[in-house]
Amino acid sequence: AQSVAQPEDQVNVAEGNPLTVKCTYSVSGNPYLFWYVQYPNRGLQFLLKYITGDNLVKGSYGFEAEFNKSQTSFHLKKPSALVSDSALYFCAVRSRYSSASKIIFGSGTRLSIRP
Amino acid sequence: NAGVTQTPKFRILKIGQSMTLQCTQDMNHNYMYWYRQDPGMGLKLIYYSVGAGITDKGEVPNGYNVSRSTTEDFPLRLELAAPSQTSVYFCASTPLLEAGELFFGEGSRLTVL
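Order-wise, the sequence lines are chains A and B. Going by my numbering, the letters in the first sequence line up with residues 17 to 131, in that order. Going by my numbering, the letters in the second sequence line up with residues 7 to 119, in that order.
One thing to keep in mind: the hints can contain errors.
BS3-like, lysine-lysine: derived pairs with alpha carbons at most 25 angstroms apart [what the hints assert, rightly or not]:
1. B:Lys20 / A:Lys118
2. A:Lys65 / B:Lys50
3. A:Lys118 / A:Lys65
4. A:Lys38 / B:Lys15
Hints are computed from structural coordinates only; laboratory data are not their basis. Only a predicted model underlies this, so the values are computations on that prediction, with no experimental measurement involved.
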């Protein structure tokens, strides 16, 4: 069965500092991995995805994520946080070799950037 | 393009009532999904569809039904509403099965009293 874990309910970072939001996954076979962001009272918006190739994936708004197969992780990172990055972040996974179309989400991490 | 449109945005139901949450997309996407979002629980997959006439259960299908008569529409039916179904419901679609990102609607907030 597929699963995603986001071990931190909340991450607090000072503006200008680097940020990391953690994600680990469990799937059969190789994964497709995604990060989404949700602003208050809005639907989720796609940030970036890992399909294959380079383990470092770059996405929207200066975010990037690093795929680590041995640690089954896909942590979201940004070199310098902005107050406007404050939002709820979700990691999601789909098995590459599954015949089903399920896309499973983690429980979310609330990112708070203080000025 | 309007993208993914959900109606209604807000609804209050009494226990035992039924209702349908509407979802329509104008992007000609084959794959559509219904999720519910509860505080601290992330998104849970209720039902999904890989095309018109084809639907399948997700993680939490009990108490819900879906149909997919057209590519554009994917309504979610709640029968005999219960307080446990109080949640925010999101519909999403994607053009690609394997690596496609999801396009989400704005959500429907349902309260069952």
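Find the hints from earlier in the document that the structure breaks and name them by number, from lowest to highest.
-> 1 and 4
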